[in-house]
Every structure is written in C-alpha cells, then in structure tokens.
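Chemist: Let the hints inform the model, and build the full structure from the sequences given.
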Amino acid sequence: MKRRSGQLGNVFQPHAKNSQRWAPESPAYGRVWVDTPSGRVRKTVPLGLCLTRTNARQKMREYIESQGINALDRFEESTTPATTFKQQANRWVESLPLRRRRPVKPSTVAGWSHCLDRWLLPHLGDKPLSEVSNGAVRELVEVMSAANLSAKTIVNNVAVVKMVLASAVTSNGEAIHPRTWNHTFIGLPIVDRSAQERQTVTQAQLQTILANVHTRYTLLLAMISGTGLRIGEALGVRHSDFKNECRVLQISRSVWGGKPQLPKTKNAMRVIDVPDELAKVLREYIKQSDDYLFASRNGTPLIDRNVLKALHATGVKVGFHALRRYRTETLRRARVPEDLIRLWLGHASGSVTDLYAEGLRNDEGFRREWCERAGLGFVLPNGLRGYTNVVEIKVAKSA
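In this text, residue positions in the sequence shown follow our numbering: the first is 1, and each later residue adds one.
There are no misleading hints in this set.
In silico lysine-lysine, DSS-like type, Cα no more than 27 Å apart, as pairs:
1. Lys266 x Lys105
2. Lys264 x Lys309
3. Lys105 x Lys259
Please keep in mind that the hints were generated in silico from the structure rather than gathered at the bench.
Modeler: Put into structure tokens, the structure is as follows:
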C-alpha cells in the first residue's frame, strides 16, 4: 500500500455515439479498483449527466475521496480477514491489565468479562466487527430491556461494546471501524440518578447487624461503618497502617479476590481519622506487625463474598456500600465540612476552592476536632473486646 500513489479512476460513456467526443446528454460512469479480503475488484460507479469530461473526473475524484478508497486504514480494513466481535473482545480483555496508560484493575476486568459472557457474546460474538453497527446494538438493547435490566446496567453494557469496537485499530492507531453512535435510534435509556437504588441502613439496622453477625466479622463491619472504608480497603488494612494510637489510618492498598492491589483511585490513597471510641478497641487488637488486620487462619486477606454471606445471615440484606453511606449520613448530620468528608471517603475534590483549602486537610488537630464531633453514630457491641482476643489467639496459633 505504501508504494501506491493513489487512484484517480477513469470515466466513460457507454451509450455515447462517438466515444472520442463527450456527449452531455449521455450518462457518465467511472471505474475504480477496490480492495477486498479476496483481492482487488473493479467497481463501476454511476456519475449521472456531466456537461464535460472534466466535470465527470471531478465527480469521480470526490467519490474516491468520500469512500476513502486510497486511505491506508481502508486498505487494512478491507484486506484483513474478518475479525469477529468475540475474537476482538478476547484480545481487548487480555490487553486491559497490560496497557501502559491507565491499566485496568482485576476487579474491573472481571466485571467487564462477566458482562461479555452474560450479554454481549451470546448476541454479538459471531458477528464480524464491521457488522456491529447501530442496528446490531439496537437489537441488543431490546433483548436487555426485555430482561428487565436497569437503565444503568444497559448503558454500562453498551459502553463495553463501544470499547471493544474502538480497540480495533490500524498500525497507525486509527480506528478500523469508526462509528457515529445514534443513541436515539439505538433506544439507549437515560439514567435517572434520582431513581437509582442506593442502599443504606438505619442505626437500628446497623445495631442488629453488629449484634448478630459472626464474631469473626464484628470489628470489620464496625470499622467500615465508623470510617466509611470500601470493603476492599478494609480487607487490605495492615496493623502497621495505624498511627497516633490508632486514631489515624493510612490507606495505601485494597484487596480483591484475596490479592492486594492499588486502591480504586488516586484520591482513595488517603488518611482517615478514627473516632476515639473505635480507636480504643483497635488499640487492644493491633499488634506491632505488618500482618493483615482481618486475615484468614493462614494469614491471607479475607474474601469479601464470605464476609457478605455473614452480613446477610444477620437478616439485613444490604451490601457493604450501605454501611459506607451510613457513615456519610453520620458526617453530614454533624455538619462536617464537605472537603473533610471527601477526604475521609476518598472522593475527588469538589471545586477549586477545596484545592485552595488543602492546608486544612493536612491539619490533624482540625480533622480530629470534627472527627470527635461526628463520633461513630452507633454503639459498639459489648462483646467486641472479647472477640478481638479470640481472633488474636487464632492468628498466633497459625503463625
């Protein structure tokens, strides 16, 4: 392709009486070579009535330009054997954790892989990428809507389709199958954030959870509810992450599938001030080691799904994020400054003003005052101290 200078095509009038003279009253046609997976094919293009041969050649050049016949990416797209959506999806998934720019975490890869296996590959897997168009995605959306998937889930699944298609590029990084997506034609639902379900718990429900959960998980759920940690962050906490007599917790890792990884975002790498009531319990439990705070008998991090089973066994069927939202509500009831709430929860700054006030976030005395003013928002169960001693003995035996 690099040795080709580009085609101009040729024009002719098959019905003209004199082939040497141009007949404005006769229709004109053009010929051009088109690349296909099976080789180059001669294509005839109707140009309509043209006053002169020059006018016909101009129309032919415009057609070649509009079709991208001379473009390198068109050549690669046309001559490369047809790639199915499934083949490209597999390549895309394999590349996600390896790419230099924004490598994707295993938990996200697992979520996208589940989306592919459950919805996308059964309906689009055998289609060539060139056929994954607005029409194909519209059929997929209709199938997902008929299955009563939420608007947010449908939008997320369609986003994976777009990412797979966009990952097919030429050697120069240009999209092989560029698309102009028509969301109205596709029937893509609009996500109404106010209508989305956001689980939370009341203080009474939280007390029920802490009173009835297996003693092995009491402190874990109390710490999530009293600090706003994500479940992966809580499972990744080590004894050495606590400072200042357990009043300050440094978050620098998360755990997914029993393996450590970086936290969700840059803002998730933060310090959290622990209410003194919870810090007193933690001081009895914390050892001078770098072990995981919540570990299995062999010292590895707990698996979140096992903790979730224990949580649901209390009769309160909520997810871990409900406990995190409870902490948010507790802080807002105490009218804690929003920039401190975002710091403790690991959210991005809300405005330029927050960046200007960065010094306050580094003022431990200021943070401590607001932390104690907010408190825990719930009562720690009486048996928590006894639980910590039992777990510590089990860990010591397995060491």
